[in-house]
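There are 2 protein chains.
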Amino acid sequence: MKFQLVFLLMTQLAFLSSAPQLKGDEGMFLFNDLPAKALQDRYGFDASEKWANHLRLSSVRFNSGGSGSFISSNGLVLTNHHVASDTLHKLSTPERNLIDHGYLATSIEQELKAPDLELNQLVSIEDVTGRVEQAVDAKATPAESAKQRRAIIANIEKESLDATGYRSDVVTLFGGAKYHLYRYKKYTDVRLVWAPETEAAFFGGDADNFEYPRYNLDATIMRVYEDGKPAQLKNFLKWSAEPLKSGELVFVSGNPGRTQRIFTVAALKYLRDSRIPYLLDYLRRKEILMQQFSLEGKEASRRARDELFGIQNSRKAYTGMLAGLQNPLTLQDKQSREETLLAALAKHPTDSNLAEAWPEIAAIQDEKAGMLGKSVSFRSSLFGYALQIVLLGQEDQKPNEQRLRGYTDAARDSLLQSLLSTAPVYDDLEQVKLADELSRFIETWGADHPLVVQVLAGKSPRERAAELVNGTKLGTVAERKKLVDGGNEAISGSTDPMIVLALAVEKEYRRLRSENERIAESERQAYAQVSQAVTVIEGTGGYPDATFTLRLAFGEVKGYVEDGKKISATTDFAGAYQHALAHAGQQDFDLPKSWLSAEKKVNLKTQLNFVCTADIIGGNSGSPVVNRDGELVGLIFDGNIQSLTSDYLYSDQQARAVSVAGVGIIEALRAIYNANDLADQIGK
Amino acid sequence: MKFQLVFLLMTQLAFLSSAPQLKGDEGMFLFNDLPAKALQDRYGFDASEKWANHLRLSSVRFNSGGSGSFISSNGLVLTNHHVASDTLHKLSTPERNLIDHGYLATSIEQELKAPDLELNQLVSIEDVTGRVEQAVDAKATPAESAKQRRAIIANIEKESLDATGYRSDVVTLFGGAKYHLYRYKKYTDVRLVWAPETEAAFFGGDADNFEYPRYNLDATIMRVYEDGKPAQLKNFLKWSAEPLKSGELVFVSGNPGRTQRIFTVAALKYLRDSRIPYLLDYLRRKEILMQQFSLEGKEASRRARDELFGIQNSRKAYTGMLAGLQNPLTLQDKQSREETLLAALAKHPTDSNLAEAWPEIAAIQDEKAGMLGKSVSFRSSLFGYALQIVLLGQEDQKPNEQRLRGYTDAARDSLLQSLLSTAPVYDDLEQVKLADELSRFIETWGADHPLVVQVLAGKSPRERAAELVNGTKLGTVAERKKLVDGGNEAISGSTDPMIVLALAVEKEYRRLRSENERIAESERQAYAQVSQAVTVIEGTGGYPDATFTLRLAFGEVKGYVEDGKKISATTDFAGAYQHALAHAGQQDFDLPKSWLSAEKKVNLKTQLNFVCTADIIGGNSGSPVVNRDGELVGLIFDGNIQSLTSDYLYSDQQARAVSVAGVGIIEALRAIYNANDLADQIGK
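First to last, the protein sequences are chains A and B. Residue numbers for the first sequence follow my numbering, beginning at 3 and rising by one. Residue numbers for the second sequence follow my numbering, beginning at 3 and rising by one.
Because the hints were derived from the structure by calculation, they are not lab data. There may be inaccurate statements among the hints.
As the list claims (entries may be wrong) - Result set (EDC-like, lysine to aspartate or glutamate): computed pairs, CA atoms no more than 16 Å apart in a straight line:
| no. | chain 1 | residue 1 | chain 2 | residue 2 |
| --- | --- | --- | --- | --- |
| 1 | A | K271 | B | D450 |
| 2 | B | K300 | A | D592 |
| 3 | B | K461 | A | D335 |
| 4 | A | K92 | A | D129 |
| 5 | B | K300 | A | D590 |
| 6 | A | K300 | B | D592 |
| 7 | A | K461 | B | D335 |
| 8 | B | K271 | A | D450 |
To be verified - Restraint ranges, calculated between C-beta atoms of paired labels, are given here:
| no. | chain 1 | residue 1 | chain 2 | residue 2 | range |
| --- | --- | --- | --- | --- | --- |
| 9 | B | G561 | A | K300 | 25 to 31 Å |
| 10 | A | E469 | B | E301 | 54 to 60 Å |
| 11 | B | E601 | A | G561 | 55 to 61 Å |
| 12 | A | T342 | B | Y280 | 38 to 44 Å |
| 13 | B | E465 | A | G473 | 49 to 55 Å |
| 14 | B | A145 | A | K300 | 57 to 63 Å |
| 15 | B | L374 | A | E228 | 54 to 60 Å |
| 16 | A | T446 | B | P361 | 24 to 30 Å |
| 17 | B | T478 | A | L374 | 40 to 46 Å |
| 18 | A | E469 | B | P351 | 47 to 53 Å |
| 19 | B | D368 | A | E469 | 31 to 37 Å |
| 20 | A | L374 | B | D487 | 46 to 52 Å |
| 21 | B | L374 | A | T342 | 37 to 43 Å |
| 22 | B | Q334 | A | Q399 | 38 to 44 Å |
For each residue, glycine too, the CB sits at the ideal point set by N, CA and C.
Chain A with its partners taken away, still in its complex shape (with noise of 0.2 Å):
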């Protein structure tokens, strides 16, 4: 654990990375335009469009943040415990948890539906670029010229979507200066096959996350339906049966979320010195406001598990990435080859005014540092259907293009898969999360603020968070519904407290938002500068920042030197019993009990681990390893504590990605969990 989108880390933007001077095995390459020759160079592979788009329509996005792969003709999907516990969280209840207790369905009927799981398979990717600029007035305000790119892309996303029925994302590249529209063939009817406990997919738990050597069963499989029954699929992945060798060439296709190579020093400063920070404030008190919850019993604890292990392993993420930053030689680094950069851009006889970028980029980490913290999307299930609810029943009054990103036709189905999500939502959670929320509120806004005057309402944060959740009707699905159905003028109509809260900051949360577009629009236009700044000095041929859409990375299986200690590649089932016992006693050391019954069946020699040099990022979780000939060898799982300033830093040296051994899922299936029913569809 866990490689999944770090919590909060959306951002608006996605930057060019530094492209020409690529360090060893880094990049995450576009699969239309993959680095082939770099492929041919280091390793003398060759990676023919066949295999390409085999492994690329066997690879699949989930909408919960991660990757995954297909293994079967008959729809099984492979994906990180991890990844699925938000979805193994929502089927739980206090009788069947699943969290503790993991699951395998016997039969098909026993297979259990994800409430709001929504699955992409990435079917083409056309290059949109000049549309995009030539509908944008290269002379307009931030504000306006925002509008217009909002324009066209809300456009060729429903042209797309009624023209060929898949889902249509335009996916911003090189900070501006590509646009890519993404078409994906969608799967709503995901269901649970198998997982196991979380004390074998997370062994070790927060303790030994992005630790390594590891023994992580971090695998969950799924299926997926279409008409009701198992998909039936031509792009799957086939398994590897061989042991990984030290100094193999292997593939990892996934979804990497977000990077910031392409980051000038300014902007990493502001990194170091505010959002960082900011951040790890925030989600220290999450977690400290999650963990006085669990304290509350065994049930509350349940509740809230999910949420506090994604808090926790944000926090343990950018408390690494932190760390990175306030050692002086990695803004040294950086620093040196951005002074190089402008010398050289300074000499440069038709390109010198692209350096105007720097300065403004730093004017606008500024404005940035300003907006920290103003929010009012409080962080709760409830308020969070109340505010879309608003949203949506206001933008369905305008034409299509000139809604809200997230609003329009094109996007339309995926919001109505989260908005009307059987998910449970438990009031005494929400409480307990709104009211720290509205706390928080007066903390930013001030206590004598209007509006925090208004949303208050005269109470206390913990009085009126009671007085919201108690008298919401949001919690059921058919309330939701209603609403949605219902329209604006049923929605602005509505007496329900959590609508009328939505109501009350829709003005300020737009004000906010547009606010925010303004200055992403501004930053994005710095960076297409920064971005040709790039090109013209050093060349072409690179890869863009992580948009969380499907790269390619590749690398080989390395062990590294730590603290003068050699770590080995990969590690076996032994290993995780040696594990268990030298931490005998400690917390989330406990193997369980299926585990502990099958040491004598298991084949102790198994791979279970291993770590490769692939560059990956938080949202790869899940993602398939292949080999040469596009088969299984492995599952993306986490990054090593090295691996945690990859964000705007590769490194091979000691940076890894770590992954379950195909070969250990194998052995696990059949010898711990009984399920050779299961282990007999994987890659057929």
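Starting from the known structure of chain A, arrange chain B on it as the hints suggest.
Relative to the frame of chain A, chain B by itself:
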């Protein structure tokens, strides 16, 4: 748990509380100004001088931040387990875990000497207001008058120490309207006699902390020694064998740490909007840090536990204080009283100018907000030692009256007592703490600040902390003693990296300290005016805000109503066993084995905990609760959640002080801990 001095609450000021309009049993009264009339009027009680003197001389203050009482002629001292836990922690080793297992000395030889405890018995109080005021030039700048005040106080203290041999502290009361000289007999040879298991003392853990009903045996017994033998005491508390009755009048004699009841609305808004949110971010950060360290294993967890508990306690306390301040009703209450006062003041013939203090105080809050987090006192034991040693070396060069507070002749013994403590220093914990402090230093000052660059020396916080902790020898008492004995020459020439670091930040430390003192002096002067204004408009007769000096509070044993439910004033042993059953399987809700195996021996109807309306605050932990006859009936250990606002607002509606019943302690000693010999000594 825990009404010990809340972590970090050390502020510079002690303020007058709104004197004459006391609510119910409000008040923390000076022993030389007891509320004789109120006690007579409300309860028909005559607080004789003899009664008060005996109670005063039977009370003690712990330098670790709590209160206690003498309970036998042969030197026994009663306090809370959580007040003693600092000592229990320092006396523990992996093999002798006093925190987990408790302790019982069955002979004098087995009593364990605390490494650095100092107990103070208040022997006299003298009003020295005249001398202090004469020495301070009314027209001087705040910086200048602070210096003059410090000088005269140092002189008075030294004179008194030389003349009497007693520890002599000048205490600032009523916002600087009064100065009293407190003389203490010191006990520095303090030994552990009995402590229960943490499971019994902190039963219910963080979840039950600040809650009621409770069932905690939060008690520990120590013994003071003189000349290597148990001290022979004339003044000690006899114990009542009677159960507490609802409505019974009781008294609390202890050392409340800090209240802020005189605070203006502007000052409370500063707490609400700046200081407490800042402190909570800080505390949550340290809480997660200690939790993460504890994950490393059992021994790590043992090393971090005492500090982690203290942090959690403070976090919960401040969360409650903030919740109170964020309730609009709280400030409305304060605001309307302030408005009434200012309106009356405006019409006052001679003293209307006192109203100037209010805008003055408002302006000072902005200055204070600007100073938040500005510190170079990195919180680690080793750095703390280094900084104290460096300051000691420098201050010793100056005449007594020019020295920093804490480094004068009068304070020297207490300083050395802590500086030469034999308490263990754990390098692994020190590294983690120091690394985090350096990281926080970067966040607060910016990575490019010259002092930051100097302190980090080109390394990451983690590397730098490792280098400092591995390089210093200050972990040993001998090394610290060598430097202290060597004086300024040895210290300033030392190459110990921690000393070198302390020398590097010393100048900035002094600058910040003097800046804070200047602000505090301005605030003190303004509050002296506020205090005068209150006297002019509302009349005299009250109590000063708490100053961690001995005070008398009174109230009655009394239940309350919460969410419509009647909460009884007392609990018993039967309730403890039921509470454990009701929370079976939950963290911190297991009673220790000693309790489980003694269930049939214990008289289950014996009272265990009770609540009363007496006015207490952090620092009162361990205070004896006595009846009209001056007999011990209880031991303060907590306040309920409703009392957390009492820092700035007393209420007897639901707010209650929570105590262990005296009869409960005796029952536990006899029936659970087989400590009949010890129980036989108590009260005799």
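Hints, one by one, checked against the model:
For the proposed pair A:K271 and B:D450, the alpha carbon gap of about 10 Å is at most 16 Å, so the pair holds. In summary, the hint linking B:K300 to A:D592 is supported, as the alpha carbons are separated by about 15 Å, within the 16 Å threshold. In summary, the hint linking B:K461 to A:D335 is supported, as the alpha carbons are separated by about 14 Å, within the 16 Å threshold. Using a Cα cut-off of 16 Å, the hinted pair A:K92 and A:D129 is violated, with the two alpha carbons roughly 38 Å apart.
Annotation: proposed proximity of B:K300 to A:D590 holds, straight-line Cα distance about 13 Å (limit 16 Å). Restraint check for A:K300 and B:D592: satisfied, since their Cα atoms lie roughly 15 Å apart, inside the 16 Å limit. The suggested pairing of A:K461 with B:D335 holds, with an alpha-carbon distance near 14 Å, which does not exceed 16 Å. The straight-line distance between the Cα atoms of B:K271 and A:D450 is roughly 10 Å, inside the 16 Å bound, and the hint therefore holds.
Checked against the hint of 25 to 31 Å, the pair B:G561 and A:K300 passes, with Cβ atoms roughly 30 Å apart. As the Cβ distance of A:E469 to B:E301 is approximately 48 Å, the hint placing it in 54 to 60 Å is violated. Here the CB-CB span from B:E601 to A:G561 is close to 56 Å, well matched to the stated 55 to 61 Å. The supplied range of 38 to 44 Å is met by A:T342 and B:Y280, whose beta-carbon atoms lie about 41 Å from each other.
Remark: the range hint 49 to 55 Å for B:E465 to A:G473 is upheld by a beta-carbon distance near 54 Å. A beta carbon spacing of about 58 Å between B:A145 and A:K300 agrees with the range 57 to 63 Å that was offered as a hint. Range check, B:L374 to A:E228: Cβ separation about 58 Å, and the 54 to 60 Å hint holds. Between A:T446 and B:P361 the beta carbons are some 26 Å apart, a value that agrees with the proposed interval 24 to 30 Å.
For the pair B:T478 and A:L374, the supplied restraint of 40 to 46 Å holds, since their beta-carbon distance comes to about 45 Å. The given range of 47 to 53 Å is respected by A:E469 and B:P351, whose C-beta atoms sit roughly 49 Å from each other. Between B:D368 and A:E469 the beta carbons are some 34 Å apart, a value that agrees with the proposed interval 31 to 37 Å. Distance hint check for A:L374 and B:D487: the Cβ-Cβ separation is about 51 Å, which falls inside the suggested range of 46 to 52 Å.
At about 40 Å, the beta-carbon gap between B:L374 and A:T342 stays in the expected band of 37 to 43 Å. As the Cβ distance of B:Q334 to A:Q399 is approximately 41 Å, the hint placing it in 38 to 44 Å holds.
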